[in-house]
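Protein chains in written order, with the working numbering: chain A, 1 to 339; chain B, 1 to 369; chain C, 1 to 489.
These are computed hints drawn from the structure, not numbers from a lab. In this text, all values refer to a predicted model and were calculated from it rather than measured experimentally. Hints are not guaranteed to be accurate.
[Stated by the list, open to error] Far from chain A by the CB rule (all over 12 Å, computed), these chain B residues:
| # | residue |
| --- | --- |
| 1 | 11 |
| 2 | 127 |
| 3 | 280 |
[Said to hold, decoys possible] Here are the computed lysine-lysine pairs in the DSSO-like style, where the Cα-Cα straight-line distance is at most 27 Å:
| # | chain 1 | residue 1 | chain 2 | residue 2 |
| --- | --- | --- | --- | --- |
| 4 | C | 425 | C | 378 |
| 5 | B | 183 | B | 170 |
| 6 | A | 129 | B | 170 |
| 7 | A | 129 | A | 290 |
| 8 | A | 144 | A | 129 |
| 9 | B | 170 | C | 315 |
| 10 | B | 183 | C | 315 |
| 11 | C | 422 | C | 378 |
Ideal Cβ placement from N, Cα and C applies to all residues, glycine included.
The chain contents come next:
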Amino acid sequence: MLEISGTPGNCWYAPGVSETLDDLEERINALRREIRQAVRARESVLARSLRAELRSAERAWDQALAVHEPVYEPGDETGGEPGHGTAHGPGRESAHERGDRHEAPGSLVPVREQVHQALTLLGVPAAAKMIVAVHAALRAGSLKGAQLASLRRDEERSFRTSPFARPYYLCAALTDRLSASRGLLAVSTWPLEQRVVGPLSPRVDFLTTAIRVAEHIMRMVGAGEQAPPSAQRLLSRLAHNIPGAAPETGRYGRGAGLHLVDAGTARGGPEAGALVVDGFPGSDPATVVKAARAELEVHAAADTAARAEIAGRARDRLQDAERLFGGTVLGLARKEASR
Amino acid sequence: MDRLDRLRGPVPPRPHDARAIAALAANPGCARRAVLDAAGVDKDATAAHLGYPAPFGQSPFAITRGNAFESLVKESGCAELLRLLRELLGLPIPLAAYTDLGDVGGNPSAQVRHSHTRKLLDKAARDSDDAGTLYDHPLLRLEIAGHSAYLEPDVVAFRLGGRFHIVEIKSFAVVDGQAEPDKVAAAARQAAVYVLALMNTLEELGHDPRRVSHEVVLVCPENFANRPAATLVDVRPQLAVLRRQLARMARVGAIVDELPPELTFDLAPDADGVPTRPVAELREAVRGVDARYAPDCLSTCDLCFFCRDEASAEGSTDLLGRQVRDALGGVATVTEALGLADGSLTPGEGQEEIARLLRLADRIYAEVG
Amino acid sequence: MSTLAALARLRAVHTGTAQRLATVRHCHLSERPMVFIPLRLAGEAAAPLAAMAGTDPGHPRLLVVPQPRDRDLRFAFAAELAEILLPYFEGLQKATETVERRGAEPYERCVDAPQVIVPGRGAVAFVQLLGRSTRFRRAEGPYAVHPSVPVLGRWLTFLAQRAQYPGSSLLLAATEALSLHWATGQSTLEDANLASLVGWIDPPPGMTGASAAREAEDPLVWPPAGPATDPGFDTEVLAPAIRAYEETRSDRAAARVAEAVRSQLEPTWRLMWRAIGLLGTLPAAPGAAARWEGDRTSFTGFAAQLAEGGPPQPKRDGAVGAASRLARMERAQASYDAQRAYDDPLVMAAYRLTGEAFTGTVVATEPDRTEGEGRGRKLRPLVTVRTTDPVRLAPGTRLGTPERRGQQAEVVAIDGEHVTLKIVKGMGRGMAATPGAVPEAGERVCYAALTDEFQPPASLPAPEETPWTHGGPPPEYSPADDEPEEEWS
Chain A
1 MLEISGTPGN CWYAPGVSET LDDLEERINA LRREIRQAVR ARESVLARSL RAELRSAERA
61 WDQALAVHEP VYEPGDETGG EPGHGTAHGP GRESAHERGD RHEAPGSLVP VREQVHQALT
121 LLGVPAAAKM IVAVHAALRA GSLKGAQLAS LRRDEERSFR TSPFARPYYL CAALTDRLSA
181 SRGLLAVSTW PLEQRVVGPL SPRVDFLTTA IRVAEHIMRM VGAGEQAPPS AQRLLSRLAH
241 NIPGAAPETG RYGRGAGLHL VDAGTARGGP EAGALVVDGF PGSDPATVVK AARAELEVHA
301 AADTAARAEI AGRARDRLQD AERLFGGTVL GLARKEASR
Chain B
1 MDRLDRLRGP VPPRPHDARA IAALAANPGC ARRAVLDAAG VDKDATAAHL GYPAPFGQSP
61 FAITRGNAFE SLVKESGCAE LLRLLRELLG LPIPLAAYTD LGDVGGNPSA QVRHSHTRKL
121 LDKAARDSDD AGTLYDHPLL RLEIAGHSAY LEPDVVAFRL GGRFHIVEIK SFAVVDGQAE
181 PDKVAAAARQ AAVYVLALMN TLEELGHDPR RVSHEVVLVC PENFANRPAA TLVDVRPQLA
241 VLRRQLARMA RVGAIVDELP PELTFDLAPD ADGVPTRPVA ELREAVRGVD ARYAPDCLST
301 CDLCFFCRDE ASAEGSTDLL GRQVRDALGG VATVTEALGL ADGSLTPGEG QEEIARLLRL
361 ADRIYAEVG
Chain C
1 MSTLAALARL RAVHTGTAQR LATVRHCHLS ERPMVFIPLR LAGEAAAPLA AMAGTDPGHP
61 RLLVVPQPRD RDLRFAFAAE LAEILLPYFE GLQKATETVE RRGAEPYERC VDAPQVIVPG
121 RGAVAFVQLL GRSTRFRRAE GPYAVHPSVP VLGRWLTFLA QRAQYPGSSL LLAATEALSL
181 HWATGQSTLE DANLASLVGW IDPPPGMTGA SAAREAEDPL VWPPAGPATD PGFDTEVLAP
241 AIRAYEETRS DRAAARVAEA VRSQLEPTWR LMWRAIGLLG TLPAAPGAAA RWEGDRTSFT
301 GFAAQLAEGG PPQPKRDGAV GAASRLARME RAQASYDAQR AYDDPLVMAA YRLTGEAFTG
361 TVVATEPDRT EGEGRGRKLR PLVTVRTTDP VRLAPGTRLG TPERRGQQAE VVAIDGEHVT
421 LKIVKGMGRG MAATPGAVPE AGERVCYAAL TDEFQPPASL PAPEETPWTH GGPPPEYSPA
481 DDEPEEEWS
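Extracted from the complex, chain A is given alone in its bound form (with noise of 0.2 Å):
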């Protein structure tokens, strides 16, 4: 009849013994008060305090409910009892579903691989959001943002001690004052012209990643595969932003392919009809390219100039890893001091 969600012989509170959900709602209300408090006055070490109590108390009562709690089905009315609260919509689900949701097919290659993966397509630095995007479009992959956090630091601790010993290692992109830019990731293996970042840098690596984006879904179509939707929608994105990428000009233009949502509603405002991939319009790879390269011509000779520049001052003042990963600010003063 009901199911009983949780493993009741891995629970290690024993419900009942000691003190019942109602009693643990109680203590967890006046905890969450007596936190709210002391964080109202400033008292932060009380606090801290018992916001530990309050997490053992809240896992004692996860572990009361899973004894207790029957699994809801639909439609199920369960009343105002407080620890069986109405949860709705379509997160329901019934523990044996729940197993599986949480470990999503989880890719055997390593993180710092599916980087240089993504990378590698894009051919310049790109911050950690624009990778998970471009790895979760064109690879299926299942990157999180967080696993990148702190991959640029653990590189270069590894090249600091066994330098050269890698392949290839996931190093910064350097500013014009040298340092490691902020957020950025590139390979060591890529010239430094590629790895600095001019005024207009930017915005070429920004056209640069429409490009090989489009160009790769291109390729997957050529070769009679169908193109991700999440790989259409980051294109749409990034065409959304380079004039004359985006079907029409504007917003809400109309262009090929794709769903249309409403072919009967041409007139009206200009919100009607359009193609949309998740509020933007569809976009047509070869067009993104062609708008992109033409945009691309405008700022190539300058952006090449400031690059020459900044990848000349480099190789000229920094040390093998801090071409790699940034001089500091403090020491590249003193290297000009001595100059």
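For this one, chain A is given, so just place chains B and C on it according to the hints.
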């Protein structure tokens, strides 16, 4: 200005962010706030120690949403922002340079970052071709009561046709062309702080401050989607109020000079930063500078509950808000107004008219109430 | 604010309890109001977090969005809210009455209408935004939602628009309804806090209104009535609960979010019914029933429009629509102000203070005085009133009187404390006044320069003839699937 340092006690002055500076303009008549802010006193800690913790806080959800929206607008060298500026102001395609003035490596001091900002702005103001277009995280400075306050650099400045503009990114939604007026006003006040700081910087560098546009680009999510949209907001009125208030604060010295020389708001924190100043003593010190409480303080000043209680104890009509004060023709206390109403108090000079009205109101109230 | 209202606030400060600003209730109070308390996720425009709703104080329905950033869960919430509200709206359409009109076809009108009561103005704005974010949705195609969602959106939009109409009671904000009838010893800003307002009006035994109001400001004792939640609650309770749900998507975690928001909603739920009880202690003003009739007509009309399959309300009014709406609102405001004054001596008092109205005792009358000759001869009685009110009325000014609502008088002369009036309307056709039609000497009377008459609507072009200076004719409405929200990244 060591007098101000003495008022604050041996702790570094509170940094002013644009929000705090904008709030100064909210109640320009309050000497207490002017003195505490000029001295860089931590009002939040002061209020908490007095037993009147400030009633505000920011929800982590609001912070997360704000950060997420800002990073969306700024990612990939401000790709979204470039599109918006191209659409709104016709920014030409070649002008796409992006310089992150905050990205200077390591963790240098505010002075270092400010001088970096100045150098770049100077170069840009000379209109050299390679001086860039978008400047993210410029570290600007504003003189407040003789102190240099560095502003939290959470704006983008950009240059077009020799003019500089400030871009303010806010995560409140504009639905069908309308946003909550309070939020737009607050954004305009904050943007005005940056505009003024940028004007001052240019002036110091010997450039024409009028090259900073008083039209600010406000970027907000449109409707219920996460999609940014830009609007121009004229902040001239906010600039005027801000200038006036800063000028007043520059004269805060006059107020300070009249305070007893031994007066201090020092919380006397111990090694762990826990205040040890006797509360009664601190209360007396704070009360030593006159406040001008208004209900609006409840959303802008850390000390609001303390001042409200004080106004309440004094039976001040300020407690009831501007509308009531206006209706009472400026009668200062509840007792006085009620005395005029029931006739037990003879109206002073200039109070005849309001006294007549109050007596009539009192009579009618008794008749029908 | 009138001097009278200011004085009432001073007295509230002095006595520690709220003071009456009205002797009768100026809003309609339904026998079965729908209380609706929405909560929104901080930082979001219209992301519902939870709501408590229902018509039975003992059985609130709790709706929860365990992850408010999840688009599907949001629309699941809207569908659930529709399950509660739509049957309420539909049930009230069943009983109708026939309204006869002079010179026009009779029509059917619902005998009752819905009344949704929310805590405050913020909730009204939220209703409007929720309506806006749901009424253009579709039940098929991409981003399909439950068919009830767009219908709910249109109802919410209707209610929010009607709430702007002066004197309408279809969607009431509790704080505004209470503030209309009581003055507290705090500022209007602080009156927006429902708990503190109710504290002033009805403090718990042993407490003054002032101290009850202070206590009500502690979010730990009285959670905010929404739609914004307490930031401390968000940090300490809600954020960890939502995170846990996000990680596990389990019923248990959803229950934890539900319990968290329930703790914030339940005190307000009780408070809302107390507020309704307080309003119920006042006898209804005659004008309230008349205005409710207007609400019923409006409700009937909207229900019919919906049934006929009309399009959802446009995002913006066209120029003509906006202008005629503005004119309508102005007339409604003037008539609402007049009705309240005539219904309530305390409201009238504000006009007496400014000299636009006066109360006094009749000292002399000429009840059978006539003017004109032959067939044009009309009964035009004179009445002289002695008053100590500071009358500021020019001769010729039209006056109404709460004692005889059908009549109108004209100021003839003012001489010190004596005001002479001529009754110019509502005397009938006879040449002798019917008994009681003219006030007699010694009677207390009140006259005011406020008219509550029907005025012809301003003449405006039809929408399709909007001049180009005002944007030209608005485009014909055609529905569009817009703002398909993308998830937060």
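query = Looking at the structure, which of the earlier hints fail to hold?
reply = none
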